[in-house]
Amino acid sequence: MTDITPGEKASDEVTKNLQAVSRAYSLESGHMLMESVEIEYHQLALQMKIDLEKEFDCKTPSEQALTDQVVISYIRKLTFSRHLEEHKAQRVLSHEINGYLNFISKEVDRAHRQFLSALETLKAIKQPPFKVNVKAQNAFIAENQQFNQHSKENNETK
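Numbering (our numbering), first residue to last: 21 to 178.
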């Protein structure tokens, strides 16, 4: 049995505290984002998070969380796409391999839809509000609609 020295105990305590702080401020630091993706994608994930937050001027926690969701979905799509390509290169097919390829294909599609959904949501909340003031009894607002008005003379001659 090994004895833990007071220095090791203090070091473990400091490490735990630093991890707790890092997780608490993960929206800013990207700590949890890094834990959510494979190690080979850490740099891409962090740079993409920084670029998206700059592009959309993300200040609020909800905007920062959406950027994390966009990044995670994108990297999941890359990861599953890579797995799909690796297994498609194999010349041996079986029922199990076909099932696995079907699963991976669905995961690529799911990750892509989650990526688009999170990105569209981020775009939508960052758009300026649309304000319309209408002073009328009746108002019809439509896009790409044509109104044909007939003059009184044309109606009388018909």
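Quick caveat, the hints were computed from the structure, so don't treat them as lab data.
From a predicted model like this one, the values you see are computed outputs, not experimental measurements.
Don't take each hint at face value.
What the hints assert, rightly or not - Cut-off 27 Å, straight-line C-alpha distance, at most; resulting in silico cross-link-like pairs (DSSO-like, lysine-lysine):
| # | residue 1 | residue 2 |
| --- | --- | --- |
| 1 | LYS108 | LYS74 |
| 2 | LYS97 | LYS146 |
| 3 | LYS79 | LYS126 |
| 4 | LYS146 | LYS36 |
| 5 | LYS79 | LYS143 |
| 6 | LYS146 | LYS126 |
| 7 | LYS126 | LYS74 |
| 8 | LYS97 | LYS108 |
| 9 | LYS143 | LYS126 |
| 10 | LYS74 | LYS143 |
| 11 | LYS97 | LYS143 |
| 12 | LYS79 | LYS108 |
Now for the hints, and whether the structure bears them out:
1. LYS108 with LYS74: violated, 38 Å
2. LYS97 with LYS146: Answer holds: LYS97 to LYS146 is near 25 Å, not above 27 Å.
3. LYS79 with LYS126: Violated: LYS79 and LYS126 sit about 34 Å apart, past 27 Å.
4. LYS146 with LYS36: violated, 36 Å
5. LYS79 with LYS143: Judged against 27 Å, a Cα distance of about 14 Å means the pair holds.
6. LYS146 with LYS126: Distance ~30 Å between LYS146 and LYS126 Cα, so the pair is violated.
7. LYS126 with LYS74: violated, 32 Å
8. LYS97 with LYS108: Distance ~16 Å between LYS97 and LYS108 Cα, so the pair holds.
9. LYS143 with LYS126: Given that 27 Å is the threshold and the Cα spacing comes to 26 Å, the pair holds.
10. LYS74 with LYS143: holds, 13 Å
11. LYS97 with LYS143: With Cα atoms ~20 Å apart, LYS97 and LYS143 stay inside 27 Å; holds.
12. LYS79 with LYS108: violated, 42 Å
Figure legend: structure checked against the earlier numbered hints; hints not met, in rising order: 1, 3, 4, 6, 7 and 12.
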